[in-house]
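Colleague: Chain by chain, the residues run as shown.
Protein chains: 2
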Amino acid sequence: MSLTARVLLVALLVPASPLAQTVEHPLDALATAEYWTVYDALQSAGHLTPETKFTSVLLRPPAKSTVLAWKAGASFPREADVVLLRESRTYTARIDIAGKRVAEFSELKGGQSAFLASEMFGADAYIKKDTRIVEALRKRGITDLRTVSCSALPVAYRAVPEQATQRIGFGSCSRTHGTYHSWGRSIEGLTFQVDIAAKKIMTISDTETVPVPTSEQNYEEIPDRPRPHTTPISTFQPLGQGIRIDKGDIHWQNWQFRMRIDPRVGVVLNLVRVVDGGRARSVLYEASVSELFVPYMDPGNGWNNRAFIDAGEFFAGVGFLKPLRPGLDCPATAAWFDGQTVNEDGAPRLTSRLACLFERATENPAWRHLQGNEVYGRPSRELVLRSAATIGNYDYLLDWRFEPDGTITVAVGATGVIETKSTVLKAAHDDHAGPQTGQLVAEHVMGINHDHYFSYRLDFDVDGATNSFMLNRMVPQRLEKDPMRKSIWVNQPFVAQREHDAILDIRLDQPSMWMFMNPSVKGPLNYPVGYEIMPGATAKSIIAPDDPAQRIGAFSEHQFWVTPHNENERYASGTYPTSSDANDGLAAWTRANRSIANTDIVGWYTLGFHHITRAEDWPVMPTMWHQFQIRPFHFFQKNPVLDLPKSLTAQ
Amino acid sequence: MSLTARVLLVALLVPASPLAQTVEHPLDALATAEYWTVYDALQSAGHLTPETKFTSVLLRPPAKSTVLAWKAGASFPREADVVLLRESRTYTARIDIAGKRVAEFSELKGGQSAFLASEMFGADAYIKKDTRIVEALRKRGITDLRTVSCSALPVAYRAVPEQATQRIGFGSCSRTHGTYHSWGRSIEGLTFQVDIAAKKIMTISDTETVPVPTSEQNYEEIPDRPRPHTTPISTFQPLGQGIRIDKGDIHWQNWQFRMRIDPRVGVVLNLVRVVDGGRARSVLYEASVSELFVPYMDPGNGWNNRAFIDAGEFFAGVGFLKPLRPGLDCPATAAWFDGQTVNEDGAPRLTSRLACLFERATENPAWRHLQGNEVYGRPSRELVLRSAATIGNYDYLLDWRFEPDGTITVAVGATGVIETKSTVLKAAHDDHAGPQTGQLVAEHVMGINHDHYFSYRLDFDVDGATNSFMLNRMVPQRLEKDPMRKSIWVNQPFVAQREHDAILDIRLDQPSMWMFMNPSVKGPLNYPVGYEIMPGATAKSIIAPDDPAQRIGAFSEHQFWVTPHNENERYASGTYPTSSDANDGLAAWTRANRSIANTDIVGWYTLGFHHITRAEDWPVMPTMWHQFQIRPFHFFQKNPVLDLPKSLTAQ
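Chains as they are written, first to last, in this note's numbering: chain A, 1 to 651; chain B, 1 to 651.
This is chain A alone, in the form it adopts within the complex (with noise of 0.2 Å):
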């Protein structure tokens, strides 16, 4: 076959949005026309007054048990969670999708719905009306309130009692005039409370005057040619992907997995399987995101009521993810997959290319040896799941890297621009004691000291669904009569018996192995088959338990949780966190210390990281990568990946 005909077949081959419209399977994400079913089951049952808002309908997957006793070719249930705003009371339904009829419909106590876009957006009209704001803008030298944009956005934790009944927005403005778009322009010293429902400011708090910086801070137009000698590079498949997909199922050398894309949290991966020996084993039942928390560490006006739980205060009409550029996120010769979410009047919205899949040369072995003068190994390949999401600011992409030896790596790049305060200083103090909340990046430009963390949830079954949490222990041991060495350690296997044993943080002066297992099946040499958590580089919060926005993100507490499985536990800081009193989420369910052993078990892994900005950040941040790895232990009999084949460039 000629070059120029394989290219063509490359067109050919790249599958087109392959997750179908129909429905196949109990874990497909709703499609259009169940979206319109839950719709008209609501308007039927008189719940869609003309001032009700959606919120969100998201996908309420069966049970676990249903579907791992489904087969393919048989009915399954179809329910979907709805939550409705009216009137700043929120209301929750489960939709039973096939009897086409609301089950549940009630009232929400003690937590609220997600800000709608309307809400924070919606603000800035009637904001820019009241006499006070625009008396305070004035002050400022700032007449034209075109170029003035406003905004109200929620807070997770209950800061002010109103927060209990009401829908209170907090509120800052920015400046748009010189350039197209406003980050870095906040206007700052000017706050307010706004009541979503009253559409009015209730408080103003006018407490400095800094001018808005006019820094550069044009990160997309080019003022230059690019940087020279940077000769065009791409990937190059000329008989395609080695990727399929069947029905929903996606193939990859020995990797099998279901996704789908939910409003909420993204990507859900689901029955992540490996072929081993011509059978497909269990590796994870379910695994996505499950929260982030954003926390910065201003106490001034208009920054303490930032402490953001990205996922589940932001999701709502929008949807947590957003569209991948081809050429930029993902290769142009990735797979793309659609994903669907509501707008606020509940019509299904249907978005391209919020997940891409695609096959990358890692250019590293698989494996290699040395022996001899001869180099033995197989180069590698990777197969990468990604999407992105924005929420407001910032940028993470999101991997789930399979490698062909069972492992994923689990990746988070962040980017896109930082949160900045407006401030008279110009420059550092010469001490470089200067403020001690955040850094200059530009004059007048301080980028707030903040932290990231996102919990991920990891519903293991490892070949099954029964298992147990083991943590090796590496234990100096004191050697009184070897004649040679005088200390090694030695590895002590603990199983973990109920919550409190497993949340775990990473200290160098107490090494432990974690490890999922199923403790009823034994590999050859007797090990019960495990796989295994491998910790990267991350944070922890280190900011007191009882402040309110902890309260809310206390997740970020710990590096790792266990806890049982229960259908009902899906979201780190809890289901609905705006505006809520903090009892629900990963630290209030596992107050009764569960038992988790020997029964089925979900881990939950918080990435994080500390960031403190600098000048690179500004005015867009290059991406910075996180990750964490799960791998096989004693799950394959030997190296997995010794069949890879020896070259990448032929079969």
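Calculated from the structure, these hints are not laboratory results.
Wrong hints could be hidden among the right ones.
Copies of one chain are not kept apart here, so a pair can be met inside one copy or by any two copies together.
Listed next, the in silico DSS-like pairs over lysine-lysine satisfying Cα-Cα at most 25 Å (straight line) [stated by the list, open to error]:
hint, residue 1, residue 2
1, Lys646, Lys322
2, Lys109, Lys71
3, Lys426, Lys522
4, Lys109, Lys64
5, Lys638, Lys426
6, Lys486, Lys540
7, Lys139, Lys128
8, Lys129, Lys100
9, Lys71, Lys139
10, Lys322, Lys53
11, Lys53, Lys200
12, Lys53, Lys100
13, Lys638, Lys522
14, Lys199, Lys53
15, Lys426, Lys64
16, Lys100, Lys522
With chain A fixed as given, assemble chain B onto it according to the hints.
Modeller: Using the frame of chain A, we list chain B on its own:
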């Protein structure tokens, strides 16, 4: 241009081994003629008696001040450090190459030459002639000595008093019958100490008889067809790589650096600079691996001597680095670097492909941001400088990855064959409390617990040689008056004054940012320019400091160290670790607690991991990567990758 023509062009543009043999710079590697000058000077001075063996000839770099003052075209000094071994005595020499003379010559006290291959593997012949060994093997049913392979290894620490004056090898044997290599076939229970010079066994220990395993350990022959659905994948650069090499200066995007291959520590980077606004700004004067420490955790006979100082003990003759395989370790289109070492007779030996350099399309964005409905951003790529060290069983891939944004990722990929112990055990005990010193990886084959520690020497010169090391500590702060928050953290900069201030380990509960900075060079925002150390997942040694192995590998007690620059402090376990008394090296130097503020300083990063082996690591181990990064911090004035091209495939 047609695709075919482009493919031809690729072949033309791939640089052939670009490090010229001509010496154009004071930091260039020794050339063939220089090795012979060293030889001739020693011969003329009468130091090369027939019994004398060469351990090593290493470039002794000129003083840093000399190099920094040097201008292209001017002459420069050339010197070599030589180690010779004669009748169990070690001699060191300094050779003035320009003067063709021996400038210094003396006998070494308190340590010994590294072991030569002829000492370690040459022992086979006389060991197998010892009647006690023959009898011990016969007792084990082994009479065909052709299929037995014995060796005598050094131990870096002073384990027996005879090491003070003699060359003592610690010996054991393996069975090679039925396989093409002998890993996994140890003959346990039979060990001996060898007087290398006398070529005889001093003492024999025969403690137990363990059958030699016969389980499958063939990792190279493919028993079946390769894994299906692995379609061809390759990186395609029709106009060649964006690498330019000019008189040994390597240029890639904004990076400039030099490199040489040193027989002892491998790739040495020098004069790493980044071009910013037309000016080449210094980041590192020099960077390389400094030492490796790999202690095993089994006190048994034949295992208590296994604690390897993998660079300093084993580089003689063969060199630390070993050849890379095109298409496996690096793309076939990479640029390749040769290197030289000397054989035991002092003759230079040139080995091809000891390092490679290639561009990698990461398929990740250098930055991106979704604003409105538009995704802005720039795709990234990186430059990988790779080498590989094989020390007996283990292979280490050693990467320096240059990122377009000024970051350098330092990565180690561990692969190769784990060290195993033959055991009567066929399967693990039911309570998985089984042996606490290892894991069975195949029937009768036990992988022994061990650690890997890599010390990296990083001579930072951030915008000049005079630097300080700063911690930016994140410290919780209680808020008493804030209406909405009770706690934040603030950053508290602390400039390390003395070495003990900068002996550091990652602690999640006491986070801090680590940074080299130049107190005399401020950026426009008045911050000192800096480069941050971004630690990765790592381990530190937990064995007791008084353990003799740990005393030699004491750099592994901490993750980071800073010392004042000293030309003689290059090797973290000392210059002559073999059989030494452990009073050289990082832990010893820093006891003086020298001043490190506002002076020329060097950082030492320990990259470590504990290794409990698993069935998947046998018979060859899937590559496991660990890494850390250095990245600019207030070094550039803004994001330095705004000028990347918008597409990888167009210029």
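Colleague: Does the structure break any of the earlier hints, and which numbers would those be?
Modeller: Failing hints, ascending: 2, 4, 8, 9, 15 and 16.
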